[in-house]
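Residue numbers (my numbering), protein chains in the order written: chain F, 1 to 315; chain G, 1 to 426; chain L, 1 to 281.
Keep in mind the hints are simulated off the structure, nothing from the lab. Because the structure is a prediction, the values reported are computed rather than measured. Cβ atoms here follow ideal geometry from the backbone N, Cα and C, with glycine treated the same way. Please note: incorrect hints may appear among the correct ones.
To be verified - So the derived label-pair ranges between C-beta atoms look like this:
(1) G:D319 - L:F53: 57 to 67 Å
(2) G:V298 - F:R97: 51 to 61 Å
(3) F:V304 - L:I92: 28 to 38 Å
(4) F:Q305 - G:K185: 55 to 65 Å
(5) L:I145 - G:Q368: 45 to 55 Å
(6) G:E237 - L:K137: 46 to 56 Å
(7) F:F76 - L:R196: 47 to 57 Å
(8) F:R87 - G:A32: 44 to 54 Å
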Amino acid sequence: MPRRRALLSERDLLQTMTDTAAPRSELRSQQARAGYLFIFPAMVLYLTFVLAPVIVTVVLSFAYYDPQLGSHWVGFDNFKRFFTDPRSVQIFWNTLRFTAMAVTGNVSVGLLLALALNRAMPGWLLYFFRLAFFLPVIIAAAFVAIVWGYFFQDAGIFNYYLAHLGLPTVRWLTSAQNAMPSIVFMDVWKNTGFFMIIFIAALQGVPRNIMEAAIMDGTSPWRRFWRITLPWISPVVFFAIVYASIGALQVYESIWILTKGGPGDATRSMSINIVEQAFGSFQIGYGASVAVVMTVVILIITGVQLLLSRRLVRY
Amino acid sequence: MFKLNRRSFMLSTAALAATSGIAGRAVAQSDASGTIRILMNGGDADLANTNNAIARFNKKFPNVQVSVDMDPISTGWGDYVTKVLGEFASNSQHDIYGTAIETFQTFASRNIMEPIDDFVAKNPNYSDFAPALFEDCKYKGKTYFVPTSWNNIMIHYNRDHFDKAGIAYPKTGWTWEEFREIAKKLTIKDSSGTVTQWGYEVPNQNFFIQPWLFSNGTGALNDDWTASNMLDPRVAESLQFLHDIIHVDGSAPIPGTDTMDNQYLAGQVSMINRGHWVIPNIRNAKLNSDVAIPPTKVNDYTVVGFGAIGIAKGAQNMDAVQAMVAELTGPEAEADVAKSGSSVPGSKAAAELPEYLAFPPSAPLFYQTLPHTKAVPSPANFQEVEKIFIRYYTAIMADEMSIPDACKQADAELNDSFARLKASLS
Amino acid sequence: MGITTRQAARWVDWAIIVVMAVLGIFMLLPFAWLISMSFRPVADAYKMPPSFFPTTFDLSNYAAVLNSSVPFLQIYINSVEIAVIVTVGQLITCTLAAFAFSRLSFKGRDTLFFILLVGLMFPAQVTILPIFLGFAKIGLINKPIGLALMYLTSSFGVFLMRQFMLSQPKVLEEAALMDGAGYWKIFWRISLPQLRPALSALGIITFTQTWNYYFQAKVLLGQQNAMTLPLAMDILRGYLQSGNLSVVMAAMSMSVLPVILLFLLAQKFVIEGVTMSGIRN
Numbered sequence: 001m002p003r004r005r006a007l008l009s010e011r012d013l014l015q016t017m018t019d020t021a022a023p024r025s026e027l028r029s030q031q032a033r034a035g036y037l038f039i040f041p042a043m044v045l046y047l048t049f050v051l052a053p054v055i056v057t058v059v060l061s062f063a064y065y066d067p068q069l070g071s072h073w074v075g076f077d078n079f080k081r082f083f084t085d086p087r088s089v090q091i092f093w094n095t096l097r098f099t100a101m102a103v104t105g106n107v108s109v110g111l112l113l114a115l116a117l118n119r120a121m122p123g124w125l126l127y128f129f130r131l132a133f134f135l136p137v138i139i140a141a142a143f144v145a146i147v148w149g150y151f152f153q154d155a156g157i158f159n160y161y162l163a164h165l166g167l168p169t170v171r172w173l174t175s176a177q178n179a180m181p182s183i184v185f186m187d188v189w190k191n192t193g194f195f196m197i198i199f200i201a202a203l204q205g206v207p208r209n210i211m212e213a214a215i216m217d218g219t220s221p222w223r224r225f226w227r228i229t230l231p232w233i234s235p236v237v238f239f240a241i242v243y244a245s246i247g248a249l250q251v252y253e254s255i256w257i258l259t260k261g262g263p264g265d266a267t268r269s270m271s272i273n274i275v276e277q278a279f280g281s282f283q284i285g286y287g288a289s290v291a292v293v294m295t296v297v298i299l300i301i302t303g304v305q306l307l308l309s310r311r312l313v314r315y
Numbered sequence: 001m002f003k004l005n006r007r008s009f010m011l012s013t014a015a016l017a018a019t020s021g022i023a024g025r026a027v028a029q030s031d032a033s034g035t036i037r038i039l040m041n042g043g044d045a046d047l048a049n050t051n052n053a054i055a056r057f058n059k060k061f062p063n064v065q066v067s068v069d070m071d072p073i074s075t076g077w078g079d080y081v082t083k084v085l086g087e088f089a090s091n092s093q094h095d096i097y098g099t100a101i102e103t104f105q106t107f108a109s110r111n112i113m114e115p116i117d118d119f120v121a122k123n124p125n126y127s128d129f130a131p132a133l134f135e136d137c138k139y140k141g142k143t144y145f146v147p148t149s150w151n152n153i154m155i156h157y158n159r160d161h162f163d164k165a166g167i168a169y170p171k172t173g174w175t176w177e178e179f180r181e182i183a184k185k186l187t188i189k190d191s192s193g194t195v196t197q198w199g200y201e202v203p204n205q206n207f208f209i210q211p212w213l214f215s216n217g218t219g220a221l222n223d224d225w226t227a228s229n230m231l232d233p234r235v236a237e238s239l240q241f242l243h244d245i246i247h248v249d250g251s252a253p254i255p256g257t258d259t260m261d262n263q264y265l266a267g268q269v270s271m272i273n274r275g276h277w278v279i280p281n282i283r284n285a286k287l288n289s290d291v292a293i294p295p296t297k298v299n300d301y302t303v304v305g306f307g308a309i310g311i312a313k314g315a316q317n318m319d320a321v322q323a324m325v326a327e328l329t330g331p332e333a334e335a336d337v338a339k340s341g342s343s344v345p346g347s348k349a350a351a352e353l354p355e356y357l358a359f360p361p362s363a364p365l366f367y368q369t370l371p372h373t374k375a376v377p378s379p380a381n382f383q384e385v386e387k388i389f390i391r392y393y394t395a396i397m398a399d400e401m402s403i404p405d406a407c408k409q410a411d412a413e414l415n416d417s418f419a420r421l422k423a424s425l426s
Numbered sequence: 001m002g003i004t005t006r007q008a009a010r011w012v013d014w015a016i017i018v019v020m021a022v023l024g025i026f027m028l029l030p031f032a033w034l035i036s037m038s039f040r041p042v043a044d045a046y047k048m049p050p051s052f053f054p055t056t057f058d059l060s061n062y063a064a065v066l067n068s069s070v071p072f073l074q075i076y077i078n079s080v081e082i083a084v085i086v087t088v089g090q091l092i093t094c095t096l097a098a099f100a101f102s103r104l105s106f107k108g109r110d111t112l113f114f115i116l117l118v119g120l121m122f123p124a125q126v127t128i129l130p131i132f133l134g135f136a137k138i139g140l141i142n143k144p145i146g147l148a149l150m151y152l153t154s155s156f157g158v159f160l161m162r163q164f165m166l167s168q169p170k171v172l173e174e175a176a177l178m179d180g181a182g183y184w185k186i187f188w189r190i191s192l193p194q195l196r197p198a199l200s201a202l203g204i205i206t207f208t209q210t211w212n213y214y215f216q217a218k219v220l221l222g223q224q225n226a227m228t229l230p231l232a233m234d235i236l237r238g239y240l241q242s243g244n245l246s247v248v249m250a251a252m253s254m255s256v257l258p259v260i261l262l263f264l265l266a267q268k269f270v271i272e273g274v275t276m277s278g279i280r281n
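Taking the hints into account, I'd like the entire structure generated from these sequences.
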């Protein structure tokens, strides 16, 4: 059995083709030159369109930026304002809450769907299911916003059916308590197909002979999942969790199209706050400082996940 | 507000004097060349009107290339302000800007627009524009914009719904209480308790809410837009009234992020607060709809907002640019606005065109109401003010916050914002 | 295995299929509503009970889109242009970089790769303003190519392609190297052909993402002749959402169509491509 590899493991970062090849210095320098050439286009574009703007944003976070009225340095004032604003706590908490719910929802539903599809069924059915579950992934959220907005309205489609079944109706988006779960619901509808596809791929890598042996031994499907399947695909699950977390911590669109952060501040995320401050209110320096805080938070959370993975993920 | 002040009197005289001079060279083609870049806002109809104006302009200036950018203002005026200020910051500004009162102070206080008093004085077409609108285009005594079109918020109502419920159409001077009763009567539920027809849409936009404050003799800001007025008990009273329409009467849904224009077209809501821009869609949907002046509490004041055209400071080709602005604000452009119904035209003559008056039945009310309007409060920090107000407003309407608490916190936040504004302007 | 367990297993299979079918239909409901509404006049848009199938087959909403002053065809061309340039660009830059990161050894490689990965953590909201100011200075605002430039490479793409390459055996490449083949030749003749499924996976992900960019496009492309489809939707939706929703739905149906077709065509590749991505050895 070949060595298994995680999508984001350290071993990956270090493994190279030439680990085993003859370490001749001429070959080395030749290879290095080729390597730099190959990564050149991507690196230059990345520096120009990602890193440089990020650095500008960090610089702006220490400034009051308004060229017509006069920009000036303000030191840590923008950060001070963020950390003393009582709204920041709520916004920060909303982001974490969304992340916890959306990551759990997307990854677990995606995994369940993948498990359900990872079995014998007629080809056309498989085709239909893949289309049905993956279609939302490829459609712009702004497109489906109108539809979901109407599904969730107080007198919308969901409540219409609830009322006609004699059930109490739900204030899906207009109550602070329900708004976030409703957004997560839409977000899972939109994104879980992406994780499903990844998990389908991972499940196909679980060696058949081990599984068959377990079946012969009469191991229950429940035990088989926990003892064989899950450990085997744990690197992929871990990748999915990290990737989903980074996306969820940056959540903008899913919230913006349904509640714009309301009612009140009940669903406002850090990204929405950044856009509202920097673009919506022309407080560019302040918006930049919130962006810096958000980036640090993402870095910390991803770092913690990486550390945890060493204990939990089987490589 | 329709008083004939000294300035508008002078303006009309100047206009008369200028008419003869300009008429002679109107047809002549200019050999000026170059490019003009315009940034406009609005939807489909506005784009069409702008394209028409450019076509007319190019007959006179065949060698000047004009390009239009369009911003639909889908997320409010804040993003637009950032875009425009960003253009100036990077020296890539347009020559001509279409904008609205919400941004006037933000732009004028940053000294990025060209004062156009002379241009306005020389142009005869502006003599029949409502002087009150030109008054609002001034900042520290100078005129920066030409008001091309405006919208005052009226109650649009579905006449079929009124007929079916046996309710008389609203009359000028109807009161808040009458309105509330009518909204209750117009709300219809099916057997399961699902509302199939709402009496009213409690508005979700800053602009649409204003009449409920103005008609109660108050506003979210003080009269000169320099401080919060949220602690005025009449503000709380207005908010309580709207809150009760939702939570006591059940005759309106809790306002969400989407406006209910299309539900109004579909006959699922009987009354909405809107300006004139919804008329083309109502007309196309063949809805039996009319407008009424918003109901009265202590007066019958409503809000007016308007679109305007301004010239960027330091624009090149000033002659051609001014000619383009003249075209964008000229009689044909005003007639286009009137005919499309996308707004009320700034020019009174255009507002008397039969196409404009054909629909809705009470079309003249828009112009008649103008003396009883106040501009939408638009300080230089409008973008922040609007967001703060709406944030607390939605919390109140969703019953997530008590009105006194919300007013108190909104007041503090608004005054913080004004303090920051003061610091940055000094 | 006894008959009863086999029967039970079959019963479970069917139960799962039924549950999945119900879920699948639920997933598709919003699309059904979107499309059916595009064939209805707006007066029937919100009719209750909701109908998810076209009750009438009225093409006037589609005609309204094409007759509007929004240059829909030009905008369609812009969207295709940007999506194609970005997709091709990413396929090139990402595979090149991925080849180096997975197959070649050079100083600072892992550090550089890590720096590239950090890029995943910056949303467009953080980077767009400096880009806007920079583009404005060099005249790239309102040029579709400007938006395309921004996305000619992506951290995600490099990462994904690298994972694919790592999952491939490198015997062929090593053999070619021993035979004295240049790195370009190895990349072009040996690595790339093996990666066809991966290329189509990245291709469809990139194409659909680019097709759907909204926030970025809104900041960079305001001009009617330069804008992309999501912005055209915005204009059709009108000032404060006052536009005719049925017309918007017609425009959306039209703009969604190529993406669905592309997915149907590429589905096979996508699924196989992701299957390969370093998860299977």
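Notebook entry, point to check: Of the numbered hints stated previously, which ones are contradicted by the structure, given in increasing order?
Noted result: Of the numbered hints given earlier, the structure breaks just one, which is hint 2.
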